[in-house]
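Protein sequences appear in the order of chains A and B.
The C-terminal residue of the first sequence carries number 222 in our numbering, and the numbering is unbroken.
The C-terminal residue of the second sequence carries number 222 in our numbering, and the numbering is unbroken.
Worth flagging that the hints you see were computed from the coordinates, not collected in a lab.
From the three backbone atoms N, C-alpha and C, an ideal C-beta is built for every residue, glycine too.
One or more hints might be untrue.
[To be verified] Quick list of simulated restraints, FRET-style, between CB atoms:
(1) A:T30 - B:D11: 40 to 46 Å
(2) A:I178 - B:D76: 21 to 27 Å
(3) A:N17 - B:Q73: 29 to 35 Å
(4) B:S72 - A:T10: 25 to 31 Å
Protein chains: 2
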Amino acid sequence: LKVELRTDVLTNNNLSADFNRDLFTKTNTLVVNLMSSPGAGKTTTLCETIRRLSSEFKIAVIEGDLATSQDADRIRETGAQAVQINTHGGCHLDARMIASVLPEFDFSEVDILFIENVGNLVCPSGYDLGQTHKVAVLSVPEGNDKIPKYPTMFMRTELVLLNKIDILPFVDFDIEMAKKDLEALNANSSIISLSARSGEGFDTWIQWIKDAYNACQKQ
Amino acid sequence: LKVELRTDVLTNNNLSADFNRDLFTKTNTLVVNLMSSPGAGKTTTLCETIRRLSSEFKIAVIEGDLATSQDADRIRETGAQAVQINTHGGCHLDARMIASVLPEFDFSEVDILFIENVGNLVCPSGYDLGQTHKVAVLSVPEGNDKIPKYPTMFMRTELVLLNKIDILPFVDFDIEMAKKDLEALNANSSIISLSARSGEGFDTWIQWIKDAYNACQKQ
Chain A
4 LKVELRTDVL
14 TNNNLSADFN
24 RDLFTKTNTL
34 VVNLMSSPGA
44 GKTTTLCETI
54 RRLSSEFKIA
64 VIEGDLATSQ
74 DADRIRETGA
84 QAVQINTHGG
94 CHLDARMIAS
104 VLPEFDFSEV
114 DILFIENVGN
124 LVCPSGYDLG
134 QTHKVAVLSV
144 PEGNDKIPKY
154 PTMFMRTELV
164 LLNKIDILPF
174 VDFDIEMAKK
184 DLEALNANSS
194 IISLSARSGE
204 GFDTWIQWIK
214 DAYNACQKQ
Chain B
4 LKVELRTDVL
14 TNNNLSADFN
24 RDLFTKTNTL
34 VVNLMSSPGA
44 GKTTTLCETI
54 RRLSSEFKIA
64 VIEGDLATSQ
74 DADRIRETGA
84 QAVQINTHGG
94 CHLDARMIAS
104 VLPEFDFSEV
114 DILFIENVGN
124 LVCPSGYDLG
134 QTHKVAVLSV
144 PEGNDKIPKY
154 PTMFMRTELV
164 LLNKIDILPF
174 VDFDIEMAKK
184 DLEALNANSS
194 IISLSARSGE
204 GFDTWIQWIK
214 DAYNACQKQ
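Next up, chain A with everything else stripped away, as it sits in the complex (with noise of 0.2 Å):
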């Protein structure tokens, strides 16, 4: 029985999940699911993401929380379009719930939707959202640790942020580790390592976009 439910809640959402990705084909958006554990820095590190592309794309945000907008307000604050979805205690966003927001913005006038999900690096990782890629935020404060424990989300993302390298001097974290485990679980990943806080790193992340947009326009 819980496999035969768990089979029918990912059915449903995956005819959610194609529903968006039409609709973001169709608009030539280039859409990105963020994801991580609870104060991994996907907020500060989309503000600063938003600042840096502002004078060249039009740019829209979906917000997931349990509670608060306060993602949402930090967002507006960098003059993107953001919508906040709250779960009310549910553990990540559904590609339904991601539908039912959709009407709220105009797709003709936006090249990239970011999707913030909940802070959370177990459950996001199982929902297809309709997404062009999906990136993992992982910080050094959280230690080496985390790819091997969190295999689910490393497996499933196609690249993974390393954020808050500016107080790499004071943790514990080897990043030659970090890279070699994250080969051993996902040959198809890769680091890039920045500081939303200091702005390291920055430009190979915005490449990294810039190429993920161009790679999803019409010919």
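Start from chain A and add chain B according to the hints.
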């Protein structure tokens, strides 16, 4: 249907939790369920806690993780008995998982059992394991917004260990604001600031455990 199923899952969980609680009560065992985000420092805190208590108390640990036995290995280095539960993708421990490993311990030889839950600030809070106390660990690099943004966790715990205060000067975290946010959400909870790395604040936490242990001994 969704509500009924959730009720059923939690009813089953509560039956197992009552079974566990009954055993813990009969054997005068203090049981602490430790919960946090990934990387907040539960295991490091636990290792230092065991070192400070082991001359006086017999300590056992149940470690919950999606994968690996890294945490149980770290605990065993302190001399404490540790059993690892791997949830294979599951986002929290439940009472039945705990019940299934209890036969591995001789509770006439255990004073304090620590249960380290899966790193997740959402899901573990909903599952009673039969513990005496629920304690949340929050680390200062996670930022000030976590208490209002993850209310289910902080409403259901009796104590917050505010960890990694050795790196407080290098991150943005306001302890007074955290105390106010917690007070507004849950007047029965409180904060102990500490650093598992420097040992700062541990005297208060160790005294909290000793008081909790004394309170659960038969008169």
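Quick rundown of the hints versus the structure:
no.	hint	in the structure
1	A:T30 - B:D11: 40 to 46 Å	holds, 42 Å
2	A:I178 - B:D76: 21 to 27 Å	holds, 23 Å
3	A:N17 - B:Q73: 29 to 35 Å	holds, 33 Å
4	B:S72 - A:T10: 25 to 31 Å	holds, 30 Å
Hint compliance for this structure: no hint is broken.
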